[in-house]
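Participant: Sequence:
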Amino acid sequence: MKANIKTAIPGPRSIELSKKRSATVANGHGSVSGVFIDKADGSNLIDVDGNVFIDYAGGIGTMNIGHSHPRVLAAIKEQVDKYIHPCFTVAPYELYVTLAERLSELVPISADCKAAFFNSGAESVENAVKISKSFTGRNSILVFSHAFHGRTQMTMSMTYKEDPYKKGFGPFIPNIHRLEFPEIDLDLDRLEIDPKSIACAVIEPVAGEGGFIPASLKAMMQLREFCNEHDIIMVADEVQTGFGRTGSLFAMSQFGVEPDMFTLAKSIAGGLPLSGVVGRAR
Numbered sequence: 003m004k005a006n007i008k009t010a011i012p013g014p015r016s017i018e019l020s021k022k023r024s025a026t027v028a029n030g031h032g033s034v035s036g037v038f039i040d041k042a043d044g045s046n047l048i049d050v051d052g053n054v055f056i057d058y059a060g061g062i063g064t065m066n067i068g069h070s071h072p073r074v075l076a077a078i079k080e081q082v083d084k085y086i087h088p089c090f091t092v093a094p095y096e097l098y099v100t101l102a103e104r105l106s107e108l109v110p111i112s113a114d115c116k117a118a119f120f121n122s123g124a125e126s127v128e129n130a131v132k133i134s135k136s137f138t139g140r141n142s143i144l145v146f147s148h149a150f151h152g153r154t155q156m157t158m159s160m161t162y163k164e165d166p167y168k169k170g171f172g173p174f175i176p177n178i179h180r181l182e183f184p185e186i187d188l189d190l191d192r193l194e195i196d197p198k199s200i201a202c203a204v205i206e207p208v209a210g211e212g213g214f215i216p217a218s219l220k221a222m223m224q225l226r227e228f229c230n231e232h233d234i235i236m237v238a239d240e241v242q243t244g245f246g247r248t249g250s251l252f253a254m255s256q257f258g259v260e261p262d263m264f265t266l267a268k269s270i271a272g273g274l275p276l277s278g279v280v281g282r283a284r
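Numbering (the working numbering), first residue to last: 3 to 284.
If you are wondering where the hints come from, they were derived from the structure by calculation, not from laboratory data. Source: prediction; values computed, not measured. It cannot be assumed that every hint is accurate.
Simulated DEER-style distance windows between Cβ atoms [said to hold, decoys possible]:
#: 1; residue 1: Lys-198; residue 2: Tyr-58; range: 42 to 50 Å
#: 2; residue 1: Ile-215; residue 2: Asn-141; range: 35 to 43 Å
#: 3; residue 1: Ser-255; residue 2: Glu-18; range: 42 to 50 Å
#: 4; residue 1: Gly-61; residue 2: Thr-154; range: 14 to 22 Å
Calculated cross-link-like contacts (lysine-lysine; reagent style PhoX-like; alpha-carbon spacing at most 20 Å) [unchecked claim]:
#: 5; residue 1: Lys-116; residue 2: Lys-135
#: 6; residue 1: Lys-4; residue 2: Lys-41
#: 7; residue 1: Lys-132; residue 2: Lys-116
#: 8; residue 1: Lys-41; residue 2: Lys-79
#: 9; residue 1: Lys-132; residue 2: Lys-198
#: 10; residue 1: Lys-198; residue 2: Lys-135
#: 11; residue 1: Lys-41; residue 2: Lys-8
Built from N, CA and C at the ideal position, the CB exists for glycine as well.
Could you build all of it, start to finish, from the sequences and the hints given here?
Facilitator: Written out as structure tokens, the structure is:
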């Protein structure tokens, strides 16, 4: 469907809803457009005034296969007729296991893998850090400039940009060390960082929010060697790059470098709230 603008932007119905929004919705939830959406189909958004827009945001990297894909809608409708949320920690169900099996097959890790699922990208990153700390017994994290990992206190502390994400929200989580990106200086002696204190190194193959900056192949290979040398868990944050956004299912495949864990979210579930950590079973 082509873009088709029928009214002034925003239209009268969107203006009416904006007034209600101002009275009832917290100011912290900003929006880049002043239009309210009524329908979405494929690459189009249709607002409450009947204007048709081409959607270049895709729910910020969430709708990789477009809005309202027939197979996604059919799967949702079929599942709703069975059950919605029995809670896996109370009563496990087959689909959780099936998804864990499927993702373990798909991620580019040449070892047995396991998976755990959550609700958001930030949760997947936080849990990858918790898994790393539990496994290694260490308490420090290595992150990189231009990175975005989420907006919870932990992931906000790991995120690079001060404004708008971190300004006014300190103090931040301690023991987070930041190196430059996309070329990485791993001379930790000069930086006065003890590598034996580091539980994990969390890196985006492409820094999305930081400016769509890909890591260099050399840097990614050096980081893998460094993690091997010091028994550090290498975590690839593919919340934004995963599921085809860079030309391969996962961006790490293009480097030929295997991380120990992947954090996944956004397009993993076609717009539904789901995230996961998939990594080496050990």
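Participant: Are the Cα atoms of Lys-41 and Lys-8 separated by 20 Å or less?
Facilitator: With Cα atoms ~16 Å apart, Lys-41 and Lys-8 stay inside 20 Å; holds.
Participant: Starting from Lys-41, check that the Cα of Lys-79 is at most 20 Å away, please.
Facilitator: Roughly 17 Å separates the two Cα atoms, so the pair holds.
Participant: Are Lys-198 and Tyr-58 spaced within 42 to 50 Å by their CB atoms?
Facilitator: 45 Å, holds
Participant: With 14 to 22 Å as the target window, see if Gly-61 and Thr-154 comply at their CB atoms.
Facilitator: 19 Å, holds
Participant: Please verify whether Lys-116 and Lys-135 have alpha carbons no more than 20 Å apart.
Facilitator: Distance ~17 Å between Lys-116 and Lys-135 Cα, so the pair holds.
Participant: For the pair supplied as a hint, Lys-132 and Lys-198, is the alpha-carbon distance within the 20 Å limit?
Facilitator: 17 Å, holds
Participant: Between Lys-132 and Lys-116, does the CA-CA distance stay at or below 20 Å?
Facilitator: Given pair Lys-132, Lys-116 holds - Cα atoms ~15 Å apart, limit 20 Å.
Participant: Please work out if Lys-198 and Lys-135 have their alpha carbons no farther apart than 20 Å.
Facilitator: With Cα atoms ~12 Å apart, Lys-198 and Lys-135 stay inside 20 Å; holds.
Participant: Hinted pair, alpha-carbon criterion (20 Å max): Lys-4, Lys-41. Please report holds or violated.
Facilitator: 15 Å, holds
Participant: Given a hint of 42 to 50 Å, does the C-beta separation of Ser-255 and Glu-18 actually sit inside it?
Facilitator: 48 Å, holds
Participant: Look at the Cβ atoms of Ile-215 and Asn-141 and judge whether their distance stays inside 35 to 43 Å.
Facilitator: 28 Å, violated
Against the hints set out earlier in the document, a violation occurs for number 2 only.
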